[in-house]
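In order, the protein sequence lines correspond to chains A and B. Under our numbering, think of the first position of the first sequence as 1, with each following residue one higher. Under our numbering, think of the first position of the second sequence as 1, with each following residue one higher.
Rather than coming from a laboratory, the hints here were simulated on the basis of the structure. Treat the hints with care, as some may be off.
As the list claims (entries may be wrong) - EDC-like, lysine to aspartate or glutamate: derived pairs with alpha carbons at most 16 Å apart:
1) B:193 / A:21
2) B:193 / A:165
3) A:175 / A:104
4) B:50 / A:172
Note that the structure is predicted; figures quoted are calculated from it, not measured.
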Amino acid sequence: MFTLPELPYKQNALEPYIKEETVKFHYTKHHNGYVNKLNNLVEGTDFANSTLEEIIKNAEGGIFNNGAQVWNHTFYWEGFSPKGGGTPVGEIAKAINNSFGSFDDFKEKFSNAAATLFGSGWAWLVVNKQGKLEIVQASNAGNPIRDGLKPLLTCDVWEHAYYLDYQNLRPDYIKNFWEIIDWVKINERLINA
Amino acid sequence: MKSILTILILIIMSSTINLNAQHIQKELNYEFNALEPHIDAKTMEVHYSKHHAGYIAKLNKAIEGTEYSEYDLMTLQKLISEKTPAAIRNNGGGSWNHEFFWDILTPTKGMKPSKKLNDAIIRDFGSFDSFKSEFKNAALGQFGSGWAWLIIQDGKLKVVSTPNQDNPLMEFAKEKGTPILAIDVWEHAYYLKYQNLRGDYIEAFFNVVNWDKVSEYYEKAIK
Ligand SMILES: [Fe+2]
Ligand SMILES: [Fe+2]
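Isolated chain A (complex conformation) (with noise of 0.2 Å):
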């Protein structure tokens, strides 16, 4: 059985940035509701007993849509904490400034990639195959540990993560989303990849 991580801080904790509202239904169900369907797709299934990044490298139609789903949720949601934002630190700091020149620079990346992802769907940064961070976009469901890529950090670009809050105004949900970001979680996720 597949259940709902608990939030890491209550759901009011990210505003003014993303309301209470959005975050009450993105998690209790959007993510919940991946979390059931998931539940019920697998039972009886090769995957009832496989772990999320097993059903996200070798799942395919629901089960992937919805296992990648949980997973990706709660890797955004894991992201963020009431007392983000700022700069970067320590290791990922260094990375980011290796790969992109300057953190600015990353951001803008960033936020185009997250802007431009027509649809649903999610930006990732990750470490590739070469140790290199890369910034990528993946439709829906996607999730870059398919593709033997490390995820750092992700944004939720699917309406329902900021249309309660912006309505068509993509571009400022992801100008605020640098607000609330955990470089300290973000830094951790390097180092262990």
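Given chain A, put chain B with the ligands in place with the hints provided.
Here is chain B with the ligands on its own, set in the frame of chain A:
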């Protein structure tokens, strides 16, 4: 005299614009609040004046100076292939799909499919209810952003869905055909009122379908 000259210049200017085939957003046949409570005024306003208008503006930019600039919207759809630049495919689809969608919606209550369309629905789906549930399943099952359609394919009715702003007129569509009914299932089409409850939105949609228009499309297409 001066005002006549101004008018002449305006006419010449506007005909030049037409030659460049700049697409212009058609006016809605009803007010933003006309489909309440099924589709709320705020959703209609943002959907029409931000999303749809945005697709048209971006399409006009994308086709400028290209071979795609010489066609009306419907013809353009059929020319969109896998080789078409993404900006033209996405914004071209977004422009036509929404124009079509506004057209098959109406505040008028109590419309029903015409006799001919109704007969075809029964012939191809068994009953109106089984058509409706097939359509609803297609709209619910389109993972992510996209559309569900009722199309005519080889003279028969068929329910299909497409991702993002693709449609059954495009060259690469898995199921090609002439659309006579469509539902937008991008989250922007229902999120302000229904949030995660896409199924409720689809049910509500059936209260505002312009069956006169859909029947007209059907009868035109089978001629
Ligand atoms: Fe999401
Ligand atoms: Fe739309």
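Out of the numbered hints, which ones does the structure contradict?
none
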